[in-house]
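*Asks:* If you're matching them up, the sequences are chains A and B in order. So in the UniProt record's numbering, spot 143 of the first sequence is number 143, and the numbers just go up one at a time. So in the UniProt record's numbering, spot 149 of the second sequence is number 149, and the numbers just go up one at a time.
What the hints contain is simulated information worked out from the structure, not anything from laboratory work. A quick note: this is a predicted structure, and the numbers were derived from the prediction, not measured. Mixed in with the good hints, there may be bad ones.
[Claimed, not checked] Selected chain B positions facing chain A (in silico; Cβ < 10 Å):
| id | residue |
| --- | --- |
| 1 | Gln24 |
| 2 | Phe34 |
| 3 | Met78 |
| 4 | Leu85 |
| 5 | Ile118 |
| 6 | Lys123 |
| 7 | Tyr253 |
| 8 | Thr265 |
| 9 | Phe267 |
| 10 | Glu329 |
| 11 | Leu331 |
[To be verified] Listed next, the in silico DSS-like pairs over lysine-lysine satisfying Cα-Cα at most 27 Å (straight line):
| id | chain 1 | residue 1 | chain 2 | residue 2 |
| --- | --- | --- | --- | --- |
| 12 | B | Lys389 | B | Lys364 |
| 13 | A | Lys361 | B | Lys122 |
| 14 | B | Lys320 | A | Lys123 |
| 15 | B | Lys122 | A | Lys364 |
| 16 | B | Lys336 | B | Lys364 |
| 17 | B | Lys287 | A | Lys122 |
| 18 | A | Lys287 | A | Lys260 |
| 19 | A | Lys320 | B | Lys260 |
| 20 | B | Lys122 | A | Lys320 |
| 21 | A | Lys336 | B | Lys122 |
| 22 | A | Lys287 | A | Lys310 |
| 23 | A | Lys31 | A | Lys123 |
Think of the CB as a built atom: it goes at the ideal place given N, C-alpha and C, for glycine as much as any other residue.
Here is how the chains run, residue by residue.
Number of protein chains: 2
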Amino acid sequence: MRHILKRVSLLFFFYFLFHNFFAQDIIVGHKLDFHSTILDENRTLWVSLPQSYQDSLCAPAFYPVMYLLDPAFHFHSMIAVREALTGGLYNYMPEMIIVGIVNNDRSRDMTPTNSSVIHSGKKIHETSGGAAHFLQFIEKELIPFVDRSYRTNGYRILNGHSFGGLFALYALQERPTCFNSYVVHDPSIWWDDRSIYKSALLLKDTIDLQGRCLYLSMAYNQTKEKDRYRHSQSILAYKNEVLEAFANRGLRYHFEYLSKENHGTIFLPASYNSVRYIYDGICLPVKEIPIRPALLMEHYRQVSDSICFKIEPPEGLVKKIADYCVLREELASAEKLLLLNIYNYPNSAYSYQALGELYIKMNKLQLAKEKFQEARSLYPQIDIPELLK
Amino acid sequence: MRHILKRVSLLFFFYFLFHNFFAQDIIVGHKLDFHSTILDENRTLWVSLPQSYQDSLCAPAFYPVMYLLDPAFHFHSMIAVREALTGGLYNYMPEMIIVGIVNNDRSRDMTPTNSSVIHSGKKIHETSGGAAHFLQFIEKELIPFVDRSYRTNGYRILNGHSFGGLFALYALQERPTCFNSYVVHDPSIWWDDRSIYKSALLLKDTIDLQGRCLYLSMAYNQTKEKDRYRHSQSILAYKNEVLEAFANRGLRYHFEYLSKENHGTIFLPASYNSVRYIYDGICLPVKEIPIRPALLMEHYRQVSDSICFKIEPPEGLVKKIADYCVLREELASAEKLLLLNIYNYPNSAYSYQALGELYIKMNKLQLAKEKFQEARSLYPQIDIPELLK
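Chain A extracted, bound-state conformation:
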């Protein structure tokens, strides 16, 4: 027995060693199971946290969440968009959490009405019509679960393609406040004789879409099948009649026809364009800030106004820009930025420490000492430099 145990533990030891030191996996997220009482079934989520999520230097940050439909197809695309547009000094979107909702019964969950279609001689989509139920699950169970499990800031985006786009349009009209932004790619508006278009038109004089944002993309569709459903025509009708009316009800929207993409390829380029549209103007005028640091706050106020949601400058980003000011020898500007960080993140030892380090550079040793002491009172492991002792 002892012999066997020894072998087993050795085995695990080597697995462990191998796992951690040799085959260093590149991990982009995790899968987790989640029971829904409303749907009476288990659902699987694919979650990807932004790189700074585990950053132990800054105060714990809070993030927007993108809820992504059909993650089996689109999860890697969304991760790429986030990684390509964040990090460094130039950020074209805030870092965000991506939550992919894996399908159990796609046509059931994504379609607002029951209808069936004959495809290659077979009746398909027979379980359709469950969108109301699925939306209830998202609103009452999933969002609260995600908000409990992760540090979220309350800004939510829903991203869906094809049937997923149909569902996102349904969510927009049924629960407009459930998400701040809706990203909709080449949606199946043709579904059930354009039922979504018809029901949307009924709301055009009453719906309140203040503060909501929609990005709608359309692909080049010339296949016979798409023609049969008048796929593109139904998207254009929705855009021309529904979205024009919804804009009068407060919706900020952008429609884009991607002539080089088809239904199968549109997701990645259009998702990239969608976040650039939603967060248009968020990228800081980095080179001007060392000269006029107040620009940073003005900039965030403007962006907050335009997306109708208050966003604070992230501590890590402001620190990087302060470092850039130091490089440009604009120490007074760096000081202003680090003071802003302390104001926004009063419990971050890191912000005090960074300012302490700057004061050493500025030869303001008494101030430096005070900042280091404040940093230590928040996080006792921080060392006070010899110079200040």
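Take the given structure of chain A and dock chain B to it, following the hints.
*Replies:* Okay, now just chain B, sitting in the frame of chain A:
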């Protein structure tokens, strides 16, 4: 001792359980260390294998490799491009292995000549000029290592941005046969008074670029710093004078100006466009194949001609299209496709089994039995259906 061992093994057991069942990581690749004798240092690679790489049903497949510079910035983008354009019936590129070469000393490795630049009052790039050495490492050590370690088919792409683009252009002119395609984004042609442009012009009447392909992107660059180096002007000069001349020496190339992207954002959209250009026309006319299955081989012959590299239709894809033929009730076409798979992959038990299953559907039981027996002779675990016993 026995007690401790028991505890340790329990610990590992729970780690193992937890690792595999609860926190299911989403893994896109692995990091590995590799010693270079030429560079006399360790290099880290980030490797991502395509989804079908571990597919145990098909015969082991062989893949093109993309060598990617600056993977810390661009690895997720390339994975997204691959995942978005492969899988399913419509494939806009072949599945490929991505090998990211992590930087040790970026300006040393990427620059063909030694030169230094004054930036914010400091001298930078002092170690520059090591591109010849780095290219030797790639050609003599890295490519052989990758070809030994993974199932590669000999088609290679080099993808570089900025300084990485400068290096890719250097590789193109110094070792044109090292890669089949070169993907170059907003390259630093300004480096050392356009030394790459000057050295390229000297080769314009002698270099042999038959069968080589280049995609060159340029971003909108209006910052003062880029102006100072005449960044865009140098790219345009290279395009107008060098690439025009190189085209006469056999180079197939495409230049694209992405007016909505800047130096920092160009990589993802331009890399997406680059593979669509390199493999232009590879996507099969899926809906026509059930009617005329010979189209499939004709199509691959044409694509092979246009990329100057013979590519075989992947077994898994052909099987999927055969399934689609069955759905369309074109059984004779499905049979032709599965026979093609047996011809191309004579050691794949799966191809025989798939054909056996088709023959059952066609009620050709004697043929079905033969195919199942052939499948079993290659892979004894395959069960012969009751019907055929």
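*Asks:* Are the hints correct? Go through all of them and say.
*Replies:* How the hints compare with the structure:
{"no.": "1", "hint": "Gln24", "result": "4 Å, holds"}
{"no.": "2", "hint": "Phe34", "result": "12 Å, violated"}
{"no.": "3", "hint": "Met78", "result": "8 Å, holds"}
{"no.": "4", "hint": "Leu85", "result": "7 Å, holds"}
{"no.": "5", "hint": "Ile118", "result": "13 Å, violated"}
{"no.": "6", "hint": "Lys123", "result": "14 Å, violated"}
{"no.": "7", "hint": "Tyr253", "result": "19 Å, violated"}
{"no.": "8", "hint": "Thr265", "result": "6 Å, holds"}
{"no.": "9", "hint": "Phe267", "result": "7 Å, holds"}
{"no.": "10", "hint": "Glu329", "result": "8 Å, holds"}
{"no.": "11", "hint": "Leu331", "result": "14 Å, violated"}
{"no.": "12", "hint": "B:Lys389 <-> B:Lys364", "result": "14 Å, holds"}
{"no.": "13", "hint": "A:Lys361 <-> B:Lys122", "result": "18 Å, holds"}
{"no.": "14", "hint": "B:Lys320 <-> A:Lys123", "result": "21 Å, holds"}
{"no.": "15", "hint": "B:Lys122 <-> A:Lys364", "result": "25 Å, holds"}
{"no.": "16", "hint": "B:Lys336 <-> B:Lys364", "result": "15 Å, holds"}
{"no.": "17", "hint": "B:Lys287 <-> A:Lys122", "result": "17 Å, holds"}
{"no.": "18", "hint": "A:Lys287 <-> A:Lys260", "result": "35 Å, violated"}
{"no.": "19", "hint": "A:Lys320 <-> B:Lys260", "result": "25 Å, holds"}
{"no.": "20", "hint": "B:Lys122 <-> A:Lys320", "result": "19 Å, holds"}
{"no.": "21", "hint": "A:Lys336 <-> B:Lys122", "result": "25 Å, holds"}
{"no.": "22", "hint": "A:Lys287 <-> A:Lys310", "result": "24 Å, holds"}
{"no.": "23", "hint": "A:Lys31 <-> A:Lys123", "result": "33 Å, violated"}
Hints 2, 5, 6, 7, 11, 18 and 23 from the earlier list are contradicted by this structure; the remaining hints agree with it.
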